[in-house]
Amino acid sequence: MKLWICALSLSLAASGAAGGARADAAWDTVLAKARGQTVYWNAWGGDERTNNFIAWAGDEMSKRYGVVVKQVKLADTGEAVARVLAEKSAGRNSDGTVDMIWINGPNFLSMKEKGLLFGPFADKLPNFAYVDTANKPSNVIDFTIPVEGMESPWRLAQFVLIENSAGVATSPRTLHDLAAWIHAHPGRFTHPDAKDFMGATFLKQALIDLAPNRERLAKPATDADFAAETAPLWAWYDSVRASFWRKGEQFPADGPTLMRLLNDGEVDFALSFDPAEAAAGVEAGRLPATVRVHTLDGGSLGNTSFVAIPYNSPHREGAMALANFLLDPATQAHAQDVRILGSYTVLDPAKLSPEQRKAFIDLPSNPALPTSADLGAVLLEPHPSWMTALAQEWRRRYAH
Amino acid sequence: MIGFRVNPARTFVALALGGPVLAGLALTLAPAFGYLPAIGGGRFNLAPWRELLAEPGFAATLRLTLVVGFAATLLSLGLAFGLLAASGARAKGRGFAFLLAPLLATPHAAMAIGLAFLIAPSGWIFRLSSPWATGFLAPPDFATVNDAAGLALILGLVLKETPFLLIVAIGALETIGADDHFRVARSLGEPRIAAWLKVVAPQLYTRMRLPIYATLAYSLSTVDMGIVLGPSHPLSLSLLSLRWFAAPDLDKIFPGAAAATLQLVVAVAAVGCWRGGEALVSTFGVSALQRGRRGGAVNALGAVLAGLGGVALALGLAALAALAVWSFAWRWTFPNAWPETWTSDNWRRGAIALTTPLGDTLLLAAASASAALVVAVAWLESDDRRGRPPPSRWIYLPLLLPQISFLFGAQSLLAWTRLDGSLTAVAWAHTLFVFPYTMLSLERSWRALDPRYARAAASLGASKGRILFRVKLPIQFRALAIALAIGVSVSFAQYLSTLFAGGGRVTTLTTEAIARASGGDRRFVAVAAFLQAAIPVLVYLWALLAPMGPRPAQR
Amino acid sequence: MNAHMLDIRDARISVGARILFANLSFCVEASAPVTVMGPSGSGKSALLAFIGGHLGPPFRAGGRVILDGADVTDLAPERRAIGMLFQDDLLFPHLSVGANVAFALDVNVRGRAARRARVEAALGDVGLAGFFDRDPGSLSGGQRARVALMRALVAAPKALLLDEPFAKLDQALRRDFRRFVFDNAAARELPVVLVTHDPADAEAAGGAVISLGEDD
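For the protein sequence lines, the chains are A, B and C, in the order given. According to this note's numbering, the residues represented by the first sequence are 1 to 400, in order. According to this note's numbering, the residues represented by the second sequence are 401 to 955, in order. According to this note's numbering, the residues represented by the third sequence are 956 to 1171, in order.
Heads up, a few of these hints could be off.
[Stated by the list, open to error] BS3-like mimics (lysine-lysine), calculated; alpha carbons at most 25 Å apart, straight line:
#	chain 1	residue 1	chain 2	residue 2
1	A	K136	A	K112
2	B	K652	A	K112
3	A	K351	A	K136
4	B	K652	A	K114
5	A	K219	A	K247
6	B	K652	A	K195
7	A	K70	A	K112
8	A	K33	A	K70
9	A	K136	A	K358
In short, the hints are calculated from the structure, not lab data.
Throw the hints in and build the complete structure from the sequences for me.
Here it is, written out as structure tokens:
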């Protein structure tokens, strides 16, 4: 099977190394093979707007390229990883059931290490030329792991706090302010369980703020580093936990659950990786009109969402066509529309033509939506091992 | 001298349903002992068990699993018997069957979601009673759902299992003819409820062992209700196993398989303990009965149980009502008793988002319920032709095995045959669980049919086929309709089997509702869960109203 | 119409190791019904089931059943043309009175109107004209018994087996119906085997009496 992958990479590498005309011809071959394929896109299904966007992308793919896209809604991206593994264990090396995965961070690392990915393919996509690889480093370094063409970016995410202004007079801008607010309002703040992506992200955000040597976070976590760098985090956490919702003994399962607690009035804060989520929630009657969005001073975590193709996907051409479509400037502008997704583009405006740029400039602005200035600096993700270790340590300490 | 020596339906079931279950058990057992070459587990070892035992909170997980399983089963049985004791002959009435129908046919997941809508801190009960009674302006900060002790989960299970045991008990009552015994006991001076509990209940119990063990096994290993109502710390054993199976870190499959295997051991041991408990109760019970004390205390206990049983039935119906109300709510702020704005928009959006899951759900239900019914009829008919050998107990095995203990292995088997992720695979997995319930429902009524009808028809010159289609099936029409309706409701309720056999590619109302139960838009979840409940309930009501058989056309 | 004849040779029925009876041979002529008597469990009903072809596990049987000179022992019950009446009328509850009778009518009688006419006529013969569309549940016990008999006779049997068909009828009705059955059987020249507990039945039958299980 290893041989098989090598052969495939070689053939793709050969086509990539050739000149522009050859590349065009190669891409035409991909599109020709893609026609008629059904791509099962395994994507976390917890966000309605994302699901709708995927459905829209599916319609477009079907119209333009004759590729049918079906979203497999996951509760946890790990499910898809486990599935590909189960198939590998069953010797199912060429007709897997997963064609594309919305992925990043630890799941990407796991699949890359275990040889479960097809590729490199991202740099063979024509629209990859527009991707901002200089000023948006998370597009090529996923949680400190070099992407190396094994996954293709499609949206940017940035960590934000959502608060109900009816219960929060002044937005806390530092962890210290947040701690003071929590003490003054016991039972009104919480974060998702650390085994959830969003919960772990909250701990990471706090870790970046509080770690004595932030640069160590870019390397794999050793026991000694972990103890030293996380000590201030646990001290801060221990000082506020008792004033959390449910006295810090119970935690909402994930980000959407926390969002529902905010809507139900059980808490006054929620967390999101999507700066436009609050505005869209108000629009849909899912959040009270009094919610506001802000970030902590000193910057907040950002990362890139990618799509990857399992090594045994029988529809990899269709998946590549879809990955390329997601990078199309018009698609990216559509996704950045707050009425659609409100997710910021992974492309470099400087690489776009004036007409392509205009599509972004013409997007509606929304007072409820934070501006780039509001959001502040983007901080890179630590090495995935930190997230895993943080979640484990949190569990060991607080979740018995 | 008549008919088949070997029942072909029995052979078919053994091969198509029994074989994969055993293979699934084996393929889960192997990784539990470290053997899964595909991810580098080439040697049998005990490391998965060491990891399982070293898991923080493992003791709490085990305790929660056992407490929930036993408490839910004991309570459900107690409430069902209390209700029957207090209601006497009325329980056999048709009205009672109609009252139970919605509770029986509603899938566990929909009931759990409805209950959460009802009892959560921001749930309907607190909305109705705040602030005038409770003083709460914001939802109270204590856990009424997902509580660490598992009380909400126990309540959810009781809401579903009490009606199940009730309907089983009502069916069994007809076969023991205990009315005379009851009258004798009353004439000996026992109050009504005590007379029933002392004389009828013990006889009834022995006819209900299988459904009670099935309830115990289910309560110990529930996944869908556990996700919605159970605590996340500690997780129950089956949820811990599921989380490991789905973990990004593939090595977690080993402890996951160990947990799944332990779940099987726990279920078997629990049924063993329960049997031991039966022996104790019967020893002490018989000596207590011989002491001859008239049952004032027993009567009071029975009355309390009956009262609680009534509350449980009412809560179940209220949970369904909560689903209906939320599905039409736009904004509904705490502590308003009713939504501020109503809308049908949730249904419009639901119709778009749920088209595929709904279609697949209906397809799966139709396929698995009718396949199970055909096989069951073929089985019973060929048993008839073989002079009715005693019933085969092993077909009820899937009801007693925790699903998690063999579904991972079955998924490996399906992946190997390239069938996983297809509707066919999911329909097969559903049939696995639908078939035992279909048989359970149909067998008694089928065997209760006077065999002389068939002889009379044969002596009139009717062939076996004509007897089956013109006499037996029409006479059994209502029993067949009820068996079909139960099959539909079992299929609608399938969660774990859809997840594993469908490889995540097949979504049903149940998987959609559960996936979004905690975090999803409550109005959307309400639509999915309400549909999930309403369709099986309607089918079940249709079956209850069905005539015994079609009347002659010329009337 | 020729008189039919039923011949039982060396009948032997056992349950497990227990032999209910063996070496039982008798001949039934149309004019002389044979009555089988004996205590419960003596194998009376099993004997009728053996003759009719309905005997299944746990019973084991040996011997031959000869009807009008042809060995029918290995034929399926529906191929034997041996009618049977039971203690209960066993009218199919999902069919009307007429449909019950039509169920037994030869398939070669074709056409809806023709079949209905035949059934109406048969019902008329037993004094139930106009009962075609009635629900069996709405009939009296005596009426149901007569429909059951007519249903059996419409199938054109060559012999008639009676498994205590009078036991559940009250005294007056029982006498009338007994007479009615025997008269109809005689008119069609059918050999009749009657199983009963009631000596009065045997007396009315007027033929030989076989007692089973007496020497145990």
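Hint check results:
Among the hinted pairs, K136 (chain A) with K112 (chain A) is consistent with the structure: their alpha-carbon atoms are about 22 Å apart, no more than 25 Å. Straight-line distance between C-alpha atoms of K652 (chain B) and K112 (chain A) comes to about 17 Å, which keeps the hinted pair within the 25 Å bound. Taken as a hint, the K351 (chain A) and K136 (chain A) pair is honoured in the structure, with Cα atoms around 13 Å apart against an allowance of 25 Å. A threshold of 25 Å between alpha carbons decides the hint, and for K652 (chain B) with K114 (chain A) the separation of about 14 Å falls inside it, so the pair holds.
Distance hint between K219 (chain A) and K247 (chain A) is unfulfilled; the C-alpha atoms sit about 34 Å from each other, more than 25 Å. Distance hint between K652 (chain B) and K195 (chain A) is fulfilled; the C-alpha atoms sit about 14 Å from each other, no more than 25 Å. For the hint linking K70 (chain A) to K112 (chain A), the alpha-carbon distance of about 24 Å falls within 25 Å, and the restraint holds. About 18 Å separates the Cα atoms of K33 (chain A) and K70 (chain A), which keeps this hinted pair within 25 Å; it holds.
In summary, the hint linking K136 (chain A) to K358 (chain A) is supported, as the alpha carbons are separated by about 21 Å, within the 25 Å threshold.
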